[in-house]
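Trainee: Put together the whole structure using the sequences plus the hints.
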Amino acid sequence: MIADFHFLRPWWLTGIPAAMLFLWLAARQGDMRIKWRGMIVPELLDHLISGREHRGGIRPYHWMAMLIALSAIALSGPTWQKELPPFVQDAAALVVAIDLSRTMDAIDVTPSRLERAKLKIDDILALRPAARTAVIAYAGSAHLVLPLTEDASLIRTYVNSLVTPIMPVGGRNTAAALELAEKTLADEEASGTILLMTDGIDSGSLAAVQSKRRSGLVILGIGTAQGGPVKTADGSFANDANGNRIFAKLDIDALRELRNSETSVATYTADDSDVHWIAQHIRTHFEQRSDAGQTRWRDFGWWLTIPIALLAAFTFRRGGGIRWTGAILAFHMITSADTARAADNWFADAWLTRDQQGRLAYQRGAFPDAADTFADPAWKGASLYRARKFDEAINAFARENTPESWFNQGNCLMQLGKYDAAVAAYEKALAVRKDWIPAKGNLDVAERLAARKKKDESEEPRDPDDDPDQIQFDEKGKQGKEGEVDVAEQAADIWMKNIAVSPAQLLARKFALEAAQGAK
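So the sequence shown is residues 34 to 553, counted in the working numbering.
Because the hints were derived from the structure by calculation, they are not lab data. Heads up, some of the hints might be wrong.
What the hints assert, rightly or not - Subject to a maximum C-alpha distance of 30 Å in a straight line, what follows is the list of computed DSSO-like cross-link-like pairs (lysine-lysine):
#	residue 1	residue 2
1	Lys-467	Lys-486
2	Lys-216	Lys-543
3	Lys-461	Lys-115
4	Lys-151	Lys-282
Claimed, not checked - Distance windows between CB atoms, simulated:
#	residue 1	residue 2	range
5	Pro-198	Leu-160	26 to 34 Å
6	Asn-277	Glu-212	30 to 38 Å
7	Asp-156	Ala-484	22 to 30 Å
8	Leu-546	Leu-187	34 to 42 Å
Note that CB positions come from ideal geometry on N, CA and C, so glycine has one too.
Mentor: Shown next, in the form of structure tokens:
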């Protein structure tokens, strides 16, 4: 933090020597001896000055000098912490590898370890709106449930359908899950994070897990050290070959060994603190992997408004004010007033800038209010985007000619289904920042969607009322041979196509086929 400390607008620090100059001039002006020194000899001056001068304590100009100095520091923008632009932050990819081995049906965690893991995934999705997430299920083999997608409802549908019986191979192979997760993130150039949700690590995979500790791996242990019985699909308790009830414990020793090797490991909590811990690790890893140009520094100068207000309060004491202080404050209030703004905002306007007020509204999810408040075009556009006012967001972003602006305009155009225009926007962003990974990924998606849209439009059926381009008669059709149509076969095909298959059944078949192909 100390190494990162700097000022965003250091030229405002020139206000500090200005405050010192003001202090010196005010002190000289208040000293009667200095005023009469050139006119009366020093021996008589002390006897001629009537009244008692203030030789100690804090004078009004001392308060004013401190106000000027603090205001200069606040305006200079002290900072020590980075923050990502809102749309770049959404590009942080996450692959969730969920353990579906038999012990995940243990009920030491209510309702079970697996069900608790599903609830945690739902909480993570809520914290990462519009972020790309992929899901992997693994036991003795690892299988991709969903590739990286922003469709949270689709992810929830398939995650809720996960049950341990759909896995074709028993046991636990964590190394296979990590290998598949890395393949899923291959196009992200290691900018994504892998979240492993499990109740243990098999001994054969410990080395593989430790080797990936610096490539964005986070492990959340689900279960308790005391353990609990394992339930079966029919609700009964599972027994071993000897008829004894299977009792599963959280593999504390393996998790502790990984934590000692600097791997990010935590165990589940009853509240959402574990979910926030995961989200923080995702952001931290993405910031470390992102280019420096994708980050901006958070301005902490506005916190100094509190001591500035307290110091300003002392100037209102009787005899403690400076005559022109009120005039300056009145002039500032008149010139900075906006008659179009609501009267009930005057108090916030007196202490916070428009962007600071907009940031507070943005953080509490009031995106329309934030859009009306922000003066910064990027944050105004981000608020309009969150409010799903994509056309207005494009206009806000267009006020700046930067790669980030074109990137954000491309995101808005994608939401509006204008894929060709989105391709052009992403290309303009990449023309300036050639190696921008999120822009390259979005450009690829936009190009594929544009091609698919053109193909769908070309395959649309012709309106029967339209005039034909030309009419041709096929005389060879009269020479055709009669044939027979197997109505029963057609009915069978139609019946097969209309079979309703649940996501769990679909995944079970998919996993079985993949396991069979892998065994060959």
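Trainee: Does each hint fit the structure? Answer for all of them.
Mentor: Cross-check of the supplied hints:
no.	hint	in the structure
1	Lys-467 / Lys-486	holds (27 Å)
2	Lys-216 / Lys-543	holds (18 Å)
3	Lys-461 / Lys-115	holds (26 Å)
4	Lys-151 / Lys-282	holds (19 Å)
5	Pro-198 / Leu-160: 26 to 34 Å	holds (30 Å)
6	Asn-277 / Glu-212: 30 to 38 Å	holds (35 Å)
7	Asp-156 / Ala-484: 22 to 30 Å	violated (36 Å)
8	Leu-546 / Leu-187: 34 to 42 Å	violated (21 Å)
Checked against the numbered hints given earlier, this structure breaks hints 7 and 8; the rest are met.
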